[in-house]
Every structure is written in structure tokens, then in C-alpha cells.
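A.B. asks: Listed below are the residues making up each chain.
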Amino acid sequence: MQSQFILRLSSPPVFFRLTGKALPWLIGASLLLGAIGLWSALFVTPTDAQQGEVYRVLYVHVPTAWMSMLLYVVASFYAVLHLVFRTSVSAVMMRAMLPTGAWMTLLALVTGSLWGKPTWGTYWIWDARLTFELLLLFIYLGLIAVASLIDDERKTDQLLSVFTLVGLVNIPLIYFSVVFWNTLHQGASLSMSGGSKMAPIMKATLFVCVLSMWLGCAALAVARARWQLVDRERDSAWTSSVLV
Amino acid sequence: MTAARLIDVQSLPLSRGKRTLAKALSFTLPGGSFMELQGPNGSGKTSLLRALARPAARLESQIHRLDGADVFLLGQSSGFRPELEVHAQLALSLALYGAPVDPHRVRSLLDQFGLARHATHRVRQLSQGQVRRLMLAVMAASGRTVWLIDEPLNALDRNAIALFEVTLSEHLRRGGAAVIATHRSIHQAMPALAAYCAGVLALGSSQPRLEPLASSRTPATHTDPLPTARAAEHPLIWVLRRERLLAMARPQDLAWPSVFHWMVVTLFPFGLGSDPELLERAAGGVFWISALLAVLIGATRFFEADFEHGVLSDCQTAGLSLTWLVTGKILAGSLFIGIPLAVSSIPLGLLFGVPNHLLLVLGGSLWLGVLSLVAGSCLFSALGLMARQAQVVICLLAIPIFVPLLIFGTAVLEGDMTAPLLTLISLAALFLLTVPAVTARVLDLALE
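Chains as they are written, first to last, in the numbering used here: chain A, 117 to 360; chain B, 38 to 485.
Be careful, since some hints might not be right.
Unchecked claim - Below, a list of computed lysine to any residue pairs in the SDA-like style, where the Cα atoms sit at most 20 Å apart:
1. A:271 to B:477
2. A:271 to B:424
3. A:233 to A:323
4. A:271 to B:344
5. B:60 to A:359
6. A:271 to B:482
7. A:233 to A:150
8. A:271 to B:353
9. A:271 to B:124
10. A:271 to B:484
11. A:137 to A:359
12. A:271 to A:261
13. A:271 to B:483
14. A:271 to B:91
15. A:271 to B:341
16. A:271 to B:54
17. A:271 to B:57
18. A:271 to B:478
By construction, these hints were calculated from the structure, which means they are not laboratory data.
All figures in this text were calculated on a predicted structure; none of them were measured in a lab.
Construct the complete structure from the given sequences, taking the supplied hints into account.
C.D. replies: Here it is as C-alpha cells:
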């Protein structure tokens with residue numbers, strides 16, 4: 117039953133219709149949670165003992181950083197799907213993740229840099245986590261360049277799938293770099309095995325912000341994917357009813 | 038005696054890019070006969086020949102090659118590298134198709150096709166007609182049963198046309214088959230071959246079908262195609278042999294990366310200042326960045342020449358796995374680019390005050406690094422085949438791959454060297470094992 121639903125999702129008109137229904141909910145939830153998170157981040161959460169007010173950048177920096185990595189992993193998942201099943205939907209979803217991911221990476225680097233100046237005394241340092249995050253930005257830009265500069269659509273899909281997977285090796289490097297190497301960037305504050313070093317209200321606010329960012333990115337990517345799909349299939353029958 | 042059906046095509050759709058050229062082509066070609074493909078420019082003659090030569094995986098079921106028939110494609114590009122000598126190139130091409138090769142056979146082939154005087158000349162010194170003659174020679178001696186010929190009479194003089202007629206009739210009498218795309222009708226230009234003509238397929242019409250000739254007679258009896266003796270040379274050996282010949286023909290291609298490396302390494306002290314302590318600390322980084330740039334700059338041309346001259350598509354038709362081709366290129370690069378670069382870095386290290394006991398380590402680690410760099414560059418140059426104007430942008434993708442290499446490479450010269458050295462070795466092994474398959478996949482896409 118469930119597998120049938122997934123199979124049906126790979127049909128472009130079905131995908132378009134279902135995501136069209138989901139999109140307003142995604143946007144609404146993202147904005148709502150974003151508002152709550154923002155208010156909580158600015159007014160509800162207490163001041164940090166060491167860093168003072170400036171630590172509040174964390175509520176933007178951490179979600180964007182996580183999104184930059186998560187979007188790449190999701191793009192890789194769609195890349196695998198495309199290599200195996202060769203559907204338009206998987207190709208389009210993979211392509212749609214890349215610009216959003218690039219923006220998230222850029223935001224993470226910029227917010228991190230702004231946070232670093234008052235706390236570490238420098239805008240930038242060449243430690244492992246920052247360097248690999250910068251490399252992630254290069255990977256996103258390179259993939260976007262490949263997507264826009266090669267004419268044949270089908271070939272580009274396959275190439276993008278292959279190279280997205282090649283770049284996947286960067287993600288564990290970013291994530292575990294703080295474990296492997298002693299860096300200036302702080303270690304993991306939130307670990308799966310309980311015992312985190314943050315106050316509960318901060319954790320909750322961060323969770324809301326992450327969720328809001330996740331839904332927002334999903335909305336952006338899905339919206340982009342839908343329009344790329346319509347563009348691809350513009351010769352098919354179902355698109356004529358969409359483009360009024 | 039009924040002839041074996043060598044090619045059987047059922048409802049084959051033919052398209053080029055997004056354009057559909059023909060919806061469903063069906064024809065059968067028995068052994069000992071040939072068919073003509075005719076049609077206006079752009080109607081799909083070359084596309085059909087290429088589809089028959091290398092059917093894309095999803096079309097496999099619609100093209101049946103029966104009785105072990107294998108193909109030879111005589112296309113528009115020669116498959117020869119212009120810098121090689123004629124006899125060497127002929128020997129390589131014959132070896133590619135698994136035909137037996139010995140100097141006597143090569144000489145007699147060159148004699149037969151009127152190229153004996155040019156045996157030691159470079160292929161680039163031949164005229165276009167002479168190159169076509171050489172291609173005919175390879176086709177005649179290849180031992181393949183089905184010949185796919187695109188415009189056979191192009192650039193051929195009268196003698197060469199006569200040679201072609203003789204070669205083709207010999208092939209047909211021995212039970213081989215041919216599909217000939219041609220503007221001039223073969224069975225009219227060469228009446229002696231009309232008996233073998235199975236018909237004409239006119240592309241460009243709404244329902245192209247193989248139309249037998251009005252005056253078709255039963256073809257002369259022939260023997261079934263003989264099984265050809267396959268020379269058992271391993272594909273990797275063939276690739277390495279060819280790379281060695283190419284390297285000897287173009288020594289400047291080998292020297293350039295090392296010279297560039299020397300230039301960059303020597304320029305750095307002028308930029309950094311001559312403080313010996315600074316130079317010693319910077320040595321690792323300078324050498325590695327210079328090596329990276331030296332390899333990357335030449336990388337864009339790794340596959341370009343082979344791609345443009347049709348060597349890659351010939352390898353596909355001949356059944357040589359592109360994975361071996363890439364492996365061979367990587368190994369050749371590590372030998373012909375890596376060794377000079379690494380060896381020359383040893384005295385250069387003295388310029389930077391690298392301690393004596395570390396000089397060999399510097400050379401060795403650079404060699405390992407160049408192997409990985411060449412492997413990565415192969416992948417990106419294959420990608421660059423499809424987006425020429427984007428070569429520089431594609432380097433953006435290369436940087437994240439090479440940065441870990443750089444980090445471990447420079448770490449070799451600082452303090453404890455065992456861990457970084459082991460990492461370099463494993464990275465080189467990892468690149469050598471994984472890159473060829475991925476690059477072959479990208480090359481397949483570029484060749485479609």
C-alpha cells in the first residue's frame with residue numbers, strides 16, 4: 117500500500133497535484149513556527165552566562181548549518197533514486213535542493229562569521245569545520261554550474277547524480293571534524309545520548325527554529341521542483357491544464 | 038544454403054537528442070549481403086549506424102546481433118591520433134579489434150592500400166584520402182563480421198574506390214555483411230556488387246522500410262563467416278602501450294607539468310621573501326599546491342584529443358572497456374607526469390631548505406599525490422568534455438576533492454610522517470580503484 121503510494125508519487129502529474137496541496141501547509145507552518153521561534157529567541161530565552169546577548173545568533177546559525185548539510189544528504193538520496201529509477205521527479209527534486217542548500221551554506225558561514233568576531237575575536241579561522249563548510253559551498257556552486265552549463269537535460273541529470281554522490285564524502289568530514297581535530301569551533305553541544313549542555317528553554321527554542329527552517333527549505337525546494345517539472349514536461353498533456 | 042541472419046532489428050526507434058527521426062525501424066540483414074542507407078542530410082543515417090554499433094542499454098532488446106556477429110564502424114572520425122607514426126597506429130588499431138598483428142602483416146596491409154611509402158610518417162602528414170585508406174585497411178583486417186560504413190566514397194580517388202570495391206566484395210564473399218550509408222548509390226556505382234545488395238533503406242520518409250532492389254538476384258553462394266582468431270592482449274596493456282607511444286611522440290606534454298612545477302616553486306621565494314625559516318615551513322604547501330596546479334592545468338586535455346579523433350567511440354565499438362582506458366591513463370599519468378615531477382622536486386627541495394632526510398620523502402609523497410591528482414583530473418576532464426566553456430567552473434568541484442589530499446600531503450613534512458603517508462597511500466589506492474568506473478560512466482554519457 118505504502119509502496120504503491122511512493123510509486124504513484126513518481127508520476128509527474130500526481131507529484132504536482134499532491135505537492136500543490138502540501139505547499140500552503142508547509143509555508144504556513146514554517147512561518148508560524150518561525151515567528152514563535154524568533155520571538156522566543158529574542159525575548160524569552162535567558163542571556164547566556166559567558167557570551168551575553170550575542171549568542172542569540174545561534175538560533176539562526178545552527179539551523180542554517182544543519183540545513184546546509186541535511187539538504188545535501190537529501191539531494192544525494194534523490195541522486196541515488198535517479199540513478200536507479202531514472203525518473204523526472206527524482207531528478208527535479210535533486211536539482212531543486214541545490215540552490216537552497218547553497219543559500220543555507222552561505223548564511224551559515226556569514227552568521228557564523230558575525231558570531232565569531234565578538235566571541236573569538238576573528239571573523240574567520242582556518243579550522244576544520246569552517247574549512248569543510250566553505251568547501252561545501254564550493255561543491256554546491258560547482259554542481260549548480262554543471263546544472264546550468266550543460267545543454268542536454270538527461271545527461272546533466274545523470275552527471276549531477278554522480279557528482280552529488282562524489283561530493284557526499286564532504287558531509288561526514290564537516291560533521292565529525294570537531295571530533296577528529298581539536299578546533300576552535302565548539303564541540304557537539306547537542307548529542308543524541310542525552311545530557312546536553314544547554315538550558316531546556318534554549319533547547320526548545322532551537323528545536324522550533326530548526327523545524328521552521330526545515331519546513332521553509334522544504335517549501336522552497338518543493339516549489340522550485342514543481343516549476344522545473346512543469347518546464348520539463350511542457351509538451352505533455354497534463355501541463356496544459358496547469359499553465360492557464 | 039541459407040545465410041545466417043547477422044543483424045535483426047525490430048521496431049527500433051531512432052532519435053537524436055530530443056528529435057525523433059524514425060518511430061519503428063525493422064529490417065534483417067543476412068550474411069553475405071549489404072544494405073544501403075539513403076536519405077537527405079539530417080535524416081538519421083549516421084545516427085542509425087551509431088545505434089547499431091553501440092546500442093544504448095535500453096535498446097539492446099531491439100537490435101539482435103545473431104551468430105556472434107560483431108561490428109566495425111567506419112565513421113567520420115578516424116580513430117587515429119595524428120602524432121603517431123602510420124605503421125604504429127595501424128598496429129595499435131588492429132590490436133584494438135583483436136586482429137593478429139605482426140610487422141609483416143602491417144607492411145603488407147600498407148602495401149595493399151598504397152601507403153607503403155608513408156609507413157614511418159606521422160598520421161597528421163597524410164592527406165584526408167590517405168587517412169580514409171588507412172581506415173579501410175583497419176576495417177579490412179579487423180576480422181569483424183558486420184561493417185557499418187558511413188560515406189565510404191568520401192575523399193577517395195579512383196584507385197582507392199577500386200580498392201574499396203575489392204575489399205568489400207571479398208568481405209561479402211566470406212559471409213560478412215555491411216550497412217552502408219551513402220549519397221551515391223553503391224549498387225549503381227559498382228554493378229559487380231549489385232548481386233550482394235539486400236536492398237535500400239530510405240530514411241526521411243514516413244515509414245522507412247528495407248526495399249529490395251528491383252532486379253535482385255539470388256546472391257552468389259558464400260561460406261558462413263569464419264570465427265576470427267582473437268589476439269589475447271589485455272586491454273590495460275594495449276592502453277599502456279598506446280600511452281607510451283603517445284608520450285614518446287609528444288615529449289613536450291610530459292615536460293610541461295614538471296617545468297610548470299619548477300616555475301611556480303621557484304617563484305614562491307620571490308613572493309614570500311627569503312627568510313629561510315619561513316621557506317622551510319612553507320615548503321610542503323608550496324610544493325603541493327604547485328603540483329596540484331601543474332596537473333590540473335594539463336588535465337582539461339586528457340580526453341580531448343581521443344574524444345575528437347573518435348578513439349573513445351572506437352574503443353566502445355571494439356569492446357574495450359572504458360574503465361580500463363581510464364585506469365591506463367591514470368597509471369600512465371603517474372609514470373610520465375608523476376615521476377619526472379617527483380624526481381625533480383628532490384633537488385628543488387634544497388632551494389627551500391628541506392632537510393636532507395626529508396627530500397626522498399618529499400619526492401615519494403609527491404608521486405603518490407600526483408597519482409591521486411591525475412585520477413581526480415581524469416574525472417573532471419571527462420565532465421569537461423560536455424561543457425567546454427565551463428572548464429574553469431568545473432575546477433570548483435575539483436577543489437573539495439583535492440583539499441584533503443593537500444592537507445595530508447603537507448602534513449608528511451611536519452613531524453610524524455607515518456600517519457599522513459599511510460593516508461596518502463590509501464587515498465591513491467582509493468582513487469585508482471574508484472575513479473575509473475565513475476569516469477567511464479561519464480565518458481559513456483559524453484559519447485551518446
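A.B. asks: For each hint, tell me whether it holds in the structure or not.
C.D. replies: Verification of the hints:
For the proposed pair residue 271 (chain A) and residue 477 (chain B), the alpha carbon gap of about 14 Å is at most 20 Å, so the pair holds. Simply put, residue 271 (chain A) and residue 424 (chain B) have alpha-carbon atoms about 11 Å apart, close enough for the 20 Å limit, and the pair holds. Our distance criterion of 20 Å between C-alpha atoms is broken by residue 233 (chain A) and residue 323 (chain A), whose separation comes to about 25 Å. Proximity of residue 271 (chain A) to residue 344 (chain B) is assessed by CA-CA distance (about 17 Å); at most 20 Å being required, the pair is judged to hold.
Annotation: proposed proximity of residue 60 (chain B) to residue 359 (chain A) is violated, straight-line Cα distance about 29 Å (limit 20 Å). For a cut-off of 20 Å, the pair hint linking residue 271 (chain A) to residue 482 (chain B) stands: about 6 Å separates their Cα positions. With a C-alpha separation of about 26 Å, the suggested pairing of residue 233 (chain A) with residue 150 (chain A) is violated against the 20 Å cut-off. The straight-line distance between the Cα atoms of residue 271 (chain A) and residue 353 (chain B) is roughly 18 Å, inside the 20 Å bound, and the hint therefore holds.
The hinted pair formed by residue 271 (chain A) and residue 124 (chain B) fails the criterion: a straight-line CA distance of about 38 Å is larger than 20 Å. The hinted pair formed by residue 271 (chain A) and residue 484 (chain B) meets the criterion: a straight-line CA distance of about 10 Å does not exceed 20 Å. A distance of roughly 17 Å separates the Cα atoms of residue 137 (chain A) and residue 359 (chain A); the hinted pair therefore holds under the 20 Å criterion. The hinted pair formed by residue 271 (chain A) and residue 261 (chain A) meets the criterion: a straight-line CA distance of about 14 Å does not exceed 20 Å.
The straight-line distance between the Cα atoms of residue 271 (chain A) and residue 483 (chain B) is roughly 8 Å, inside the 20 Å bound, and the hint therefore holds. Pair hint residue 271 (chain A) plus residue 91 (chain B) holds up; C-alpha atoms about 17 Å apart against a cutoff of 20 Å. A C-alpha spacing of about 18 Å is found between residue 271 (chain A) and residue 341 (chain B), which places the hinted pair at or below 20 Å, so the restraint holds. The hinted pair formed by residue 271 (chain A) and residue 54 (chain B) meets the criterion: a straight-line CA distance of about 10 Å does not exceed 20 Å.
This hinted pair checks out: residue 271 (chain A) and residue 57 (chain B) have alpha carbons roughly 17 Å apart, not beyond 20 Å. About 11 Å separates the Cα atoms of residue 271 (chain A) and residue 478 (chain B), which keeps this hinted pair within 20 Å; it holds.
Checked against the numbered hints above, the structure breaks hints 3, 5, 7, 9 and satisfies the rest.
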